[in-house]
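Colleague: Letter by letter, the chains look like this.
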Amino acid sequence: MKNNLLISAIAGILSVGSVVSNAAEEQFVPIPIYRTGPYAAGGAAVFGGFMDYMAMLNARDGGINGVKLTWEECETAYKPDRGIECYERMKDHPPTGAAMFNFLNTPMTYAAMERTDKDKIPIVSIGYGRADSADGRVFPYVFPLATTYWNQTTTKIKFIGAKEGGMDKLKGKKIAHVYHDSGFGKETIPVLEALAKKHGFTVQHYPVAHPGLEQKAVWLQVRQQAPDWVILRGWGVMNPTALKESKRIGFPTDHIVGVWWSGSEEDVIPAGDAAKGFITAAFHPGGKEFGVIKDVEKFVYEKGNGAVDKKIIGSIYYNRGIIHGILNTEAIRSAQEHFGKKALTGEQVRWGLEHLTIDEAMLKKLGAEGFLSTMKTTCEDHEGSGKVRFQQWDGTKWNSVSDWITPDYELTRPMVEASAMQYAKEKGVTPRDCSKEK
Amino acid sequence: MFYRECGQFKSGYAADQAIFPILQDKIAMGVLLAVAFIVVPLVATEYWLGSILIPFLILSLAAIGLNILTGYAGQLSLGSAAFMAVGAFAAYNFALRLPMLPLVVDFILAGVVAAAVGILFGLPSLRIKGFYLAVATLAAQFFITWGLTRFGWFSNNSASGVITAPRIMMFGYELTSASSRYLLTLSIVAVFALLAKNMVRSQIGRAWMAIRDMDIAAEVIGIKMLQTKLLAFAVSSFYCGVAGALWAFLYLGTVDAQAFDLNRSFEILFMIIIGGVGSILGSFLGAAFIVLLPIFLNVVAGLFGSSLHADTASHFEVMIFGALIIFFLIVEPHGLARLWQITKEKLRLWPFPH
Chain A
50 MKNNLLISAI
60 AGILSVGSVV
70 SNAAEEQFVP
80 IPIYRTGPYA
90 AGGAAVFGGF
100 MDYMAMLNAR
110 DGGINGVKLT
120 WEECETAYKP
130 DRGIECYERM
140 KDHPPTGAAM
150 FNFLNTPMTY
160 AAMERTDKDK
170 IPIVSIGYGR
180 ADSADGRVFP
190 YVFPLATTYW
200 NQTTTKIKFI
210 GAKEGGMDKL
220 KGKKIAHVYH
230 DSGFGKETIP
240 VLEALAKKHG
250 FTVQHYPVAH
260 PGLEQKAVWL
270 QVRQQAPDWV
280 ILRGWGVMNP
290 TALKESKRIG
300 FPTDHIVGVW
310 WSGSEEDVIP
320 AGDAAKGFIT
330 AAFHPGGKEF
340 GVIKDVEKFV
350 YEKGNGAVDK
360 KIIGSIYYNR
370 GIIHGILNTE
380 AIRSAQEHFG
390 KKALTGEQVR
400 WGLEHLTIDE
410 AMLKKLGAEG
420 FLSTMKTTCE
430 DHEGSGKVRF
440 QQWDGTKWNS
450 VSDWITPDYE
460 LTRPMVEASA
470 MQYAKEKGVT
480 PRDCSKEK
Chain B
10 MFYRECGQFK
20 SGYAADQAIF
30 PILQDKIAMG
40 VLLAVAFIVV
50 PLVATEYWLG
60 SILIPFLILS
70 LAAIGLNILT
80 GYAGQLSLGS
90 AAFMAVGAFA
100 AYNFALRLPM
110 LPLVVDFILA
120 GVVAAAVGIL
130 FGLPSLRIKG
140 FYLAVATLAA
150 QFFITWGLTR
160 FGWFSNNSAS
170 GVITAPRIMM
180 FGYELTSASS
190 RYLLTLSIVA
200 VFALLAKNMV
210 RSQIGRAWMA
220 IRDMDIAAEV
230 IGIKMLQTKL
240 LAFAVSSFYC
250 GVAGALWAFL
260 YLGTVDAQAF
270 DLNRSFEILF
280 MIIIGGVGSI
290 LGSFLGAAFI
300 VLLPIFLNVV
310 AGLFGSSLHA
320 DTASHFEVMI
330 FGALIIFFLI
340 VEPHGLARLW
350 QITKEKLRLW
360 PFPH
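Chains as they are written, first to last, in my numbering: chain A, 50 to 487; chain B, 10 to 363.
FYI, nobody ran anything at the bench for these hints, they're computed from the structure.
Using N, Cα and C, we set each Cβ at its ideal position, and we do this for glycine too.
Take the hints with a grain of salt, since some may be wrong.
[To be verified] One-sided excerpt, in silico: chain B residues whose CB lies under 8 angstroms from chain A: (1) Asp25; (2) Gln26; (3) Glu55; (4) Ala168; (5) Gly170; (6) Pro175; (7) Ile177; (8) Val264; (9) Asp265; (10) Ile304; (11) Asn307; (12) Ile329; (13) Phe330; (14) His343.
[Unchecked claim] Computed cross-link-like contacts, SDA-like style, restricted to lysine to any residue with a CA-CA straight-line distance of at most 25 angstroms: (15) A:Lys169 to A:Asp141; (16) A:Lys265 to B:Val144; (17) A:Lys343 to B:Val144.
[Claimed, not checked] Anything over 12 angstroms on all C-beta distances counts as not near chain A; from chain B, calculated: (18) Ile28; (19) Leu51; (20) Leu193.
Work out the full structure: start from the sequences and follow the hints.
Modeller: What follows is the structure, encoded as structure tokens:
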């Protein structure tokens with residue numbers, strides 16, 4: 050019995066790489082999901098939205114220009130080593146290999162970067178990942194679409210400036226930066242320092258040790274500094290804890306601006322009343338009044354399919370999954386216009402990602418007006434100059450409180466380039482000459 | 010029938026003290042090594058080499074490290090992942106700041122740095138024992154990951170605290186293929202496993218085991234507590250450090266300190282508990298169990314495809330994994346290595362038991 054199991058297991062593992070599909074016109078999209086582990090709620094909902102969007106395209110349009118989308122899940126449990134295993138397992142999936150990888154996991158994105166470069170498969174990291182990978186000359190296969198942490202941070206300052214009544218009013222203001230003490234949390238410190246110099250405010254950094262359940266000492270220090278605004282770069286349980294502690298010291302919640310990892314329902318509901326008025330950055334709103342989500346409900350859920358529980362449709366995480374669906378499939382569509390309407394390789398999809406234009410007309414066609422900012426990627430700019438908007442929690446739902454805000458690219462672009470060049474030097478990468486790309 | 014040792018006479022101390030006193034074991038080991046070194050790189054796919062065998066070997070090395078400390082010297086530790094982190098960051102800094110050093114020297118130096126840190130955190134073991142010591146080593150786990158994130162120097166002031174391995178050069182060649190990285194990992198792990206096996210069979214190993222079994226008695230018969238315990242910490246951390254460096258350089262390529270969190274420490278501890286506490290073979294078996302089983306379950310769940318809801322499948326994976334751990338611990342609390350030993354005892358009589 051044991052032997053049989055073992056043999057079938059080995060056969061099973063071996064066969065994964067060698068299943069030959071007979072349908073040629075299928076585009077494979079890998080789903081390295083995490084339904085278990087500490088961030089399961091986010092993983093299941095975002096990837097669920099992503100898969101639902103693809104299912105909707107298959108049901109409504111028969112795929113992308115007749116090329117059906119197929120996908121397969123691989124559980125990573127949010128661990129980079131499991132993610133690498135999933136990557137290796139799915140990268141050569143028939144017929145043409147993986148179109149691109151979305152890990153929804155910054156450490157995994159870092160770990161896979163070199164492999165994808167070698168295997169010529171693009172990584173798409175929508176709203177997370179390595180900020181300097183926006184420099185497409187050094188990172189030809191990485192696409193931090195929509196907006197990176199660095200640019201998002203500049204919009205927070207712009208938002209605060211607007212609230213204060215103009216950027217010049219920021220002079221002399223005090224901002225407390227409460228961050229998750231990890232690579233993710235620390236990443237924006239240099240940008241905040243540069244912004245402080247530019248606008249003349251002072252910024253004080255307060256690290257919170259992972260997981261962030263104990264923050265009394267930190268918030269006492271914040272009280273001593275008596276800042277005008279708090280920037281919260283929280284993650285997971287750190288968010289509700291921070292909100293509760295801020296209420297305890299009497300800091301006004303509507304003067305706390307969070308990163309978008311703080312801006313889901315899961316982050317604020319546990320904090321109860323303390324979260325009322327909390328503001329976070331976002332690159333898409335919640336809610337299901339958008340055409341694209343109505344289509345998903347009509348073509349997927351009304352037929353009894355769908356990857357998630359109906360109740361979470363329209364939540365922040367789920368809608369982020371829809372954004373993943375839109376940007377990834379539009380990149381494939383853009384590549385198809387160049388290479389023909391057939392299943393494409395990762396290398397060809399990369400071209401599509403580098404020539405992705407999301408304009409107002411396209412948003413209208415997609416049923417995503419106001420749902421997604423316009424963007425346009427180029428060889429130099431893999432981020433696409435996305436914009437950010439802000440949302441506020443009213444106790445039951447997130448409401449939009451700003452228009453699309455353009456990040457301070459003048460400030461971040463030189464930093465991105467400098468950081469990318471340092472990477473190139475360490476790694477011995479020769480940056481591409483974008484004028485020679487077609 | 011096949012595994013019978015009659016007719017094999019030991020005519021000297023050397024023969025009696027050999028690692029594999031039975032001829033069949035020698036042959037089996039030789040065949041295993043030949044398969045691992047020659048056949049596997051030829052037949053295995055890049056997926057198998059790069060994402061299954063390399064992490065398995067590296068974690069086996071870390072498990073050997075912890076087994077030396079916990080299994081042989083009896084000092085419970087929850088800081089193995091932290092020492093891996095020290096190794097990874099040390100190797101990175103050696104490679105970055107002293108680029109003329111060959112790669113293997115980087116790895117060894119990384120192990121030495123980890124050993125030094127291990128000695129430091131081993132000092133409390135002279136006063137505290139058992140579970141209390143485990144809690145004291147937790148301090149290492151938190152302090153080290155905190156320190157590596159906190160002080161930018163360790164990651165060359167990378168904004169996100171991430172270190173990236175340089176290009177892997179050996180004898181003027183760049184190791185890019187999975188099989189070359191596999192062979193390098195395998196060679197290092199094989200050499201260190203042999204060293205560990207000999208160490209635990211030597212005077213040092215016997216001293217460790219004496220301390221494990223009863224430290225007062227060990228002291229009475231003249232074993233020096235300070236040196237022996239700290240040596241166990243140093244050797245254990247050295248192994249973990251090398252494993253961490255391999256993890257960063259030959260497996261992931263890019264890591265941050267969070268990759269070596271408490272969960273990783275627990276994982277290594279589970280490996281030696283399931284594999285066999287106080288057994289080098291057990292370290293490999295345990296690592297295989299912990300690394301390969303979840304992937305195997307994931308693949309099996311994938312075979313059921315659409316008949317099983319994806320959500321259920323991922324949770325089944327965790328449930329079955331947990332159930333199997335309990336099953337093996339009930340069947341044989343001394344781990345998989347002990348199961349293997351029992352099998353061998355039975356094979357000696359097979360097919361004619363008394």
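Colleague: Decide, hint by hint, whether the structure agrees.
Modeller: Each hint, compared with the structure:
For Asp25 of chain B, the interface hint is violated, since its Cβ never comes within 8 angstroms of a Cβ in chain A; the closest pair sits about 35 angstroms apart. Hint status for Gln26 of chain B relative to chain A: violated, with the closest Cβ pair at about 35 angstroms, above 8 angstroms. Hint status for Glu55 of chain B: holds, given a least beta-carbon distance of 7 angstroms to chain A, under 8 angstroms. The beta carbon of Ala168 of chain B is positioned within 8 angstroms of a beta carbon in chain A (closest approach about 5 angstroms), and the interface hint is therefore held.
The interface hint given for Gly170 of chain B is met, as the beta carbon of that residue sits about 4 angstroms from the closest beta carbon of chain A, less than 8 angstroms. Hint on Pro175 of chain B holds. Least Cβ distance to chain A is approximately 7 angstroms, under the 8 angstroms limit. With a least beta-carbon distance of about 11 angstroms to chain A, the hint placing Ile177 of chain B at the interface is violated under the 8 angstroms criterion. A hinted interface residue such as Val264 of chain B counts as satisfied when its beta carbon comes closer than 8 angstroms to some beta carbon of chain A; here the least separation is about 7 angstroms, so the hint holds.
For Asp265 of chain B, the interface hint holds, the least distance from its beta-carbon to any beta-carbon of chain A being 4 angstroms, beneath 8 angstroms. At about 6 angstroms, the closest approach between the beta carbon of Ile304 of chain B and any beta carbon in chain A falls short of 8 angstroms, and the interface hint on this residue holds. Nearest Cβ of chain A to the Cβ of Asn307 of chain B: about 5 angstroms, under the 8 angstroms cut. The hint holds. Residue-level restraint check for Ile329 of chain B is violated (minimum Cβ-Cβ distance to chain A is 12 angstroms; threshold 8 angstroms).
About 10 angstroms separates the beta-carbon of Phe330 of chain B from the nearest beta-carbon of chain A, more than 8 angstroms, and the hint is not met. Taking 8 angstroms as the C-beta contact cut-off toward chain A, the hint placing His343 of chain B at the interface is violated, the least distance being around 19 angstroms. This hinted pair checks out: Lys169 of chain A and Asp141 of chain A have alpha carbons roughly 11 angstroms apart, not beyond 25 angstroms. A distance of roughly 24 angstroms separates the Cα atoms of Lys265 of chain A and Val144 of chain B; the hinted pair therefore holds under the 25 angstroms criterion.
This hinted pair does not check out: Lys343 of chain A and Val144 of chain B have alpha carbons roughly 53 angstroms apart, beyond 25 angstroms. The beta carbon of Ile28 of chain B sits about 28 angstroms from the closest Cβ of chain A, which is more than 12 angstroms, so the claim that it is off the interface holds. A cut-off of 12 angstroms between C-beta atoms confirms that Leu51 of chain B is not in contact with chain A; the least separation is 15 angstroms. Every C-beta of chain A lies more than 12 angstroms from that of Leu193 of chain B, the closest at about 17 angstroms, which supports listing it as non-interface.
Of the numbered hints stated above, those contradicted by the structure are hints 1, 2, 7, 12, 13, 14 and 17, listed in ascending order.
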